[in-house]
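Asker: Spelled out from the first residue to the last, the chains are:
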Amino acid sequence: MARGTRNCVLSADKFPEALGQLFTLGDRVVAPTKAPRGDIFFREVSSPAEIELCYGNSQVSPTEHLRPPKEVYFEYQLKDDGPPELTPPPPPSPFILFGIRPCDVAAVQYLDHFFLQREPADELYGRRRKVATLIAMACAEPAAETCFCPCCEGGGPVSDGGYDVQLTPVGEQYLVEFATEKGERIRRQWESLLAPATPEVIKARDAQKKKAIEELFELHANLAAAVRRVSARTVNMATWQEIARHCYSCGACSYLCPVCTCFDVNELKYDEKSGARIRQMDSCRLFGYPREAAGGVRGFATPYRARMYSYHKLGYEHFKERGRHGCVGCGRCIIACLGHMGMPTVCELVRRPPTEATS
Amino acid sequence: MPRFVPAVCPGCGAGCGLYLECREDSLVLTAPSRNDAVSEGRLCVRGWQMGDMVRNSMRLASPLLNGSAAGWDDAIAKASELLRPHLDASESRLGIVAASHLTNEEGFAITQFARRVLGTGNIDNFGRSVDGPSIWGLQHEFGHAHTQPPLRELVNYDVIVCLSSNLGYLNAQACSWVTRAQQMGATLAVIDQIDDGLGTAADIFVQHTPAAGSAVLQHLAKTLDATDESNGADELRRLGADSLAESFQELVEVLKGGSRVAIVLSTRAFSTPFAGVTTASLAKQLNRLQDVSADVFAVNGTPNSVGLGHMGVVPYFTGNSVEQRTSPDEGCGCCEGNGVGLYEMLDLNQRRLDGLIVIGEDLMSWLDRDGLDELREVLDVLIVLDSFRTAVTRVADVTLPVSGFGERDGSFSSLDGQVRWSGQIVEPYGESVYLPRVLGELAESLGRARGPQTVDEIWEQICAQVPGYACVDVSRLRSAEDVALDVGSLPANCYDELEVQEYFTPIEVADPEEWRYELLWRFDAHWWIYDGRMWSLPLLYREMRDWRSSHVLMNADDMERERLRPGRLMTLISAKGRAEVHVYPHQNLPPGLVVLPAHQRQLMETLLGPGRYNRCTGGLAYRCTPARVRQD
Chain W
835 MARGTRNCVL SADKFPEALG QLFTLGDRVV APTKAPRGDI FFREVSSPAE IELCYGNSQV
895 SPTEHLRPPK EVYFEYQLKD DGPPELTPPP PPSPFILFGI RPCDVAAVQY LDHFFLQREP
955 ADELYGRRRK VATLIAMACA EPAAETCFCP CCEGGGPVSD GGYDVQLTPV GEQYLVEFAT
1015 EKGERIRRQW ESLLAPATPE VIKARDAQKK KAIEELFELH ANLAAAVRRV SARTVNMATW
1075 QEIARHCYSC GACSYLCPVC TCFDVNELKY DEKSGARIRQ MDSCRLFGYP REAAGGVRGF
1135 ATPYRARMYS YHKLGYEHFK ERGRHGCVGC GRCIIACLGH MGMPTVCELV RRPPTEATS
Chain E
9 MPRFVPAVCP GCGAGCGLYL ECREDSLVLT APSRNDAVSE GRLCVRGWQM GDMVRNSMRL
69 ASPLLNGSAA GWDDAIAKAS ELLRPHLDAS ESRLGIVAAS HLTNEEGFAI TQFARRVLGT
129 GNIDNFGRSV DGPSIWGLQH EFGHAHTQPP LRELVNYDVI VCLSSNLGYL NAQACSWVTR
189 AQQMGATLAV IDQIDDGLGT AADIFVQHTP AAGSAVLQHL AKTLDATDES NGADELRRLG
249 ADSLAESFQE LVEVLKGGSR VAIVLSTRAF STPFAGVTTA SLAKQLNRLQ DVSADVFAVN
309 GTPNSVGLGH MGVVPYFTGN SVEQRTSPDE GCGCCEGNGV GLYEMLDLNQ RRLDGLIVIG
369 EDLMSWLDRD GLDELREVLD VLIVLDSFRT AVTRVADVTL PVSGFGERDG SFSSLDGQVR
429 WSGQIVEPYG ESVYLPRVLG ELAESLGRAR GPQTVDEIWE QICAQVPGYA CVDVSRLRSA
489 EDVALDVGSL PANCYDELEV QEYFTPIEVA DPEEWRYELL WRFDAHWWIY DGRMWSLPLL
549 YREMRDWRSS HVLMNADDME RERLRPGRLM TLISAKGRAE VHVYPHQNLP PGLVVLPAHQ
609 RQLMETLLGP GRYNRCTGGL AYRCTPARVR QD
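Those protein sequence lines, which keep their order, are chains W and E. Take the first sequence: its letter number 259 is residue 1093 in the working numbering, and every next letter is one higher. Take the second sequence: its letter number 628 is residue 636 in the working numbering, and every next letter is one higher.
Bound conformation, chain E alone:
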């Protein structure tokens, strides 16, 4: 086993190259790589601490049966016994939810297992639902084969328009390039409802009404269109406070000034296809102006949702194999498909599934504690394959430990059309086994073929079957070279069900003074707990677990005025409903906002009303509402 290998950080979608090292005392370290094309020697706090993800006290050492340690043979036998009755149903009621930090090879094995062994199209990955929708919207406008320039190109632009201020913790590498561009003289404009870091650094900060981001982009494109003579003053007032008008006008002048413009779209913060479409429209409008050229950089928050999409860890295909997605012209055939996506699989009201296999994902990113218990009740079978003990392993029938980051070779694909290699530095922890081998064991115990078991066997099939990957030479990947995909051959998305419509429609209330807060949903509002020190990882999970029982975040001054104490219960009343919630202060929130972290599905339904789900993109969006608070 080599003691020092190049790897790709699975912390976010940037894909920073780093080195993993294992010393005599078996501790795993990370080191930066200055020659890496993405990071150039810079890592964020997660990258620096990735060695702790390889070895830490939360690792799963052996299989579990109903939460108790068991042997591999018993665990596999139990899993196949539970799955077998569901295999031959005419309509599959089994599903797979996979994490987006898995490698392409693992993704391919999962797809094969779902289609060939379970016979189901109910398969999805985490990143598709949170980062996918806006990328979907961009591709709708630019075409599926469009790839963006590498992030390092940002330094060559004169104006950077950042859609969302949370880049610093969502994708610090992208934020670093934005900062560099600004230091080299570019004008930085940030459009967001709150300042999550980058707003303070911006030359122009367009702070708008909650959830009006896409509407601001739409209005911006309209204002830049010389043929449109409508008066935008009323629209501006609708989109934000009076202060918005000044910064908005300033941005318009800068954009008209004649320059190279980069629009940086934070895909998780703007998680709707509409955001992608409006961003692309803005870029197109800018390109129509004289002496202005614009490009869009989508900044992905999830590590390998791109590659997993290519490998078929997505629902809705008519057949049960990736071979069906042969050419871009044929589309994906999803609309008449037989699979459902992540949100539908976890929708407790619809009860679509009898059995669920969860791979590498903590479902509490989607459901609060009560939701998870309820899901457990409606499922006959819950099987988990993970490297860590999570909230889901606690309630699973069978848990199988699989190797994680640094414990297997594998590749990741990025939005700029590159495949990158991440090496193995240590043997799998405890009794953990490489994921495709575990799926092979399960398949065999169910009387099916094992499928490819090793990285090289899997790559043979990827090259033969996955469009766009035939050109990838694995030996080049293994020697730490980045290899470009044949992007023109990649499978096209289906846009038939894409709802290109505005999500922002303000809800009118009779007494705005009383309803003085705006209730806003947001992904990843909890990341700031992680402070880069090893023991804060368990702390993060512990606090998230506590918080997961109905909580919101507020501005500290607002909390003081309302006499609310951190961690205590309050009544939150929205235009749609009311709920008892715990409240915590958040350092970056401006006054007047209550942020509802987006994993609390039941709470969101109660307080924000039903979400708007898009089957095609897998995204779910909610309207914001006015709210008031009451101390209990």
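Just chain W, with the same shape it has in the complex:
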């Protein structure tokens, strides 16, 4: 539980009303929705009816609303009689990110550190983050069969911090935790619907969390052991080759990873006189990742790219800097990998003795 948190209880029958009141705050509401094929995506909604409340893990992490896969730095218009006119994108309007799962809350903490707590702070991320209110929905059970958040540092089906508001379903009610000023604004809005949280509810929530971690998560990744092997640099090249053997260099593990942060800067020409400078997510798993300005690509074969990716996720140096591993256990890489090599499999392989990995 985050320091300074105010705990309340919201009964399940008042939940729809609470949801409706979010739309009266004047903020945009981004929430889980069902796409035409039934996949879950976090999208802007205009009424509670559009929100999908029975949802597992979303297809793409809701962190995409803080750090979009593609975004415009500025648009330019060339002038015949002077320097080009540059137009930055309009500032984002305030929005509520409703229903974000604990793994993605952990990812936001990581991104906050990466983009904001280092110099220079990232302006595009910063201004989105500033206007975002995170209402987390803790998991009473794994959100998907691919979830392994309890294996990750500080992870688990209930967040310890990083949110503004967290709802945890406990029986026929929700334990609601308000952790920040932004959360306090939501609490004031919901005040008439809330009751004080009793110690029993908190105990029940803790017991539920313990049971989920110990009994319900079927997928395990021994991240701690993998971190030791990777950080000690005792994983030999044969293991990276084994991992690379299944790598199609599609970049999906990076594009879907809620904590991957690499991006590439490009020009997008609209016509002969106008265009935009944009940035878009990049991936160290792509062949062209180390491409140089002259156009050439230095020798950086797939096993080396696989190793680089894993070092960033599991290396202790990065842990020391960011305060957590570069994996939050959301399991999206397991679904998206064409070679069926998600993070748990990578952890298993790097923990194997070298002789086994080469076989």
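If you're looking for bench data, these hints aren't it; they were derived computationally from the structure. On a predicted model such as this, the values are computed, not experimentally measured, just so you know. Among the clues, some could well be false.
For the chain E half of the interface with chain W, some residues (derived, Cβ under 7 Å), not all of them [claimed, not checked]:
no., residue
1, Asp33
2, Leu37
3, Ser41
4, Asp44
5, Gly49
6, Arg50
7, Cys52
8, Val53
9, Ala69
Beyond 10 Å from chain W on every Cβ pair, some chain E residues (computed) [said to hold, decoys possible]:
no., residue
10, Arg42
11, Asp82
12, Ser88
13, Arg160
14, Gly455
15, Leu577
16, Gly617
Quick reminder that beta carbons are idealized off the backbone N, C-alpha and C, glycines included.
Use these hints to put chain E onto chain W, whose structure you have.
Answerer: Relative to the frame of chain W, chain E by itself:
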């Protein structure tokens, strides 16, 4: 306009479902779909970057007249002025070459335009010539109504025999299912001349002499036939180095072991009807063995060659309408038809055409730069309809911008008999217009009827006219449902001219030590440049343009031994001829091979001799020859 629509990736023949999204800043993104029956949430690098194909710096914004921007009215007037003198000729010398990433609806409109407005049967699509021949061969053996199981079924097989190791970049989704099957305990065997990725991952890699793939399959079927008592040792030596014998024998033992076998045929790598026939024969032979059952999965490299075939974007029909292809029993009547295929249309020696309309295709996939310039010289009329600026728009008389992926609704058909919907996410770029509307405008300016103009109007006619499509409910397609075709009613191919014969006949040379290289032609040898990052797309085109002036690929160690530097000129001498070519290293090539990317028609004719063209299937195949290199 919706901000989030389901779509089908036009990157290859897998047809992965994805979502297209357009945000406030107008940038177009792609997202995977876990509930999609084909991809189950996995996309390859091309799928992930398909949003960049919708909006990028290579888009064509307005019509062009001789390469300069012009208005729509002027462009249409000029195009009809150029076409009109050729319309009433007794034998049509106009032709249409279409890309295979077009939708069924666009394909139908193109066919109607060719038959009813231009009065020509000279119409073809890119995929028919590269992926079609081996599928043709398969259908010859299995019947035209045969459909293969969906790719996801691959995980239920015990042995996967992959014909070609290049699945990873040809059709990554198929490769992903193969990998999954292997992880779930299936034995993976790969048969190929080079290791283009999957060979390393295979449990058994049968690496054979260049171009002997079909012969290996034939020999495999023969070896599995208990009634055949011939000694295969000599044949094996002919097909590959001594190392082949061991892996070949291992494969035979696994196949005899009693199991479910999936044969995965990469249609582009094995682009001959003979490959299809031998693959089918192998499957039939396996099915004769006790406790063994085998199925063939053809893996298509082109997005909608199947649907365009159904819509009639293929040559050789006696009449000028798809209605003529009424029932499977009647055949297609192609042999006495009046149309020619892509290779014949682009054959500079035969000069069959006076006017060519190119739709969505960069002809430099077929001709190098000199070839394109020469084609331009022999044509009176060259009209291009495309979404992008290409090498062909540079030399066209008239270029008309048409809407592309993500800019129109449309459907694709797949080898497993499904029709799938791909939605519109943004308005067409610049002055681009929906292709059937452009063809309608052209038709009207030529004094003909416009034909159906919208997706719904076109579907009415497709359901009424195209065999196998009457059962398709468009409203189900629009709600992102896959709809099954009535495959039994699909038009049959004509097999009368199918040459079921072996292409592999080694050329003997006096001094094998001196002629130490094997010159091999191959499609798509350049795809690896594309590295999944947006600006590598222009880079890809730039490098391909440079490379297109006579180039080959070699193993890096071979290049070092021969003191050849990347990008420099060398003399390549084959048993058929010699040429000055640029040479580049390719990471996957084994020693002893020189690969000639297959778009260089003139170079192929010079170094490999005349190709063997099959009129019926539209395919062209060349023999490989021994070669040597000399530094200039």
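Asker: All hints, please: hold or fail.
Answerer: Checked hints:
Interface restraint check for Asp33 (chain E): the shortest CB-CB distance to chain W comes to about 5 Å, inside 7 Å, so the restraint holds. For Leu37 (chain E), the interface hint holds, since its Cβ comes within 7 Å of a Cβ in chain W; the closest pair sits about 6 Å apart. Hint on Ser41 (chain E) holds. Least Cβ distance to chain W is approximately 5 Å, under the 7 Å limit. Annotation: interface hint on Asp44 (chain E) holds; nearest CB of chain W at approximately 6 Å, less than 7 Å.
With its C-beta approaching chain W no nearer than about 5 Å, Gly49 (chain E) sits inside the 7 Å limit, and its interface hint holds. For the restraint placing Arg50 (chain E) at the interface with chain W, the shortest Cβ-Cβ distance is roughly 5 Å, inside the 7 Å limit, so the hint holds. At a threshold of 7 Å, the smallest CB-CB gap from Cys52 (chain E) to chain W is about 5 Å, leaving the interface hint in force. Because the smallest distance between the Cβ of Val53 (chain E) and any Cβ of chain W comes to about 5 Å, under 7 Å, the interface hint for this residue holds.
Because the closest C-beta pair between Ala69 (chain E) and chain W is about 6 Å apart, less than 7 Å, the hint holds. At the 10 Å boundary, the C-beta of Arg42 (chain E) falls inside the reach of chain W, the nearest C-beta of that chain being 6 Å off. No beta-carbon of chain W is positioned within 10 Å of the beta-carbon of Asp82 (chain E); the least distance is around 19 Å. For Ser88 (chain E), the non-interface assignment is confirmed: its Cβ lies about 27 Å from the closest Cβ of chain W, beyond the 10 Å cut-off.
No beta-carbon of chain W is positioned within 10 Å of the beta-carbon of Arg160 (chain E); the least distance is around 13 Å. For Gly455 (chain E), the condition that its CB be more than 10 Å from all CB atoms of chain W holds, with the nearest at approximately 35 Å. The beta carbon of Leu577 (chain E) is kept farther than 10 Å from every beta carbon of chain W, the shortest such distance being approximately 20 Å. Its beta-carbon lying about 35 Å from the closest one in chain W, Gly617 (chain E) satisfies the requirement of being farther than 10 Å from that chain.
Hint 10 from the list above is the single one not met by this structure.
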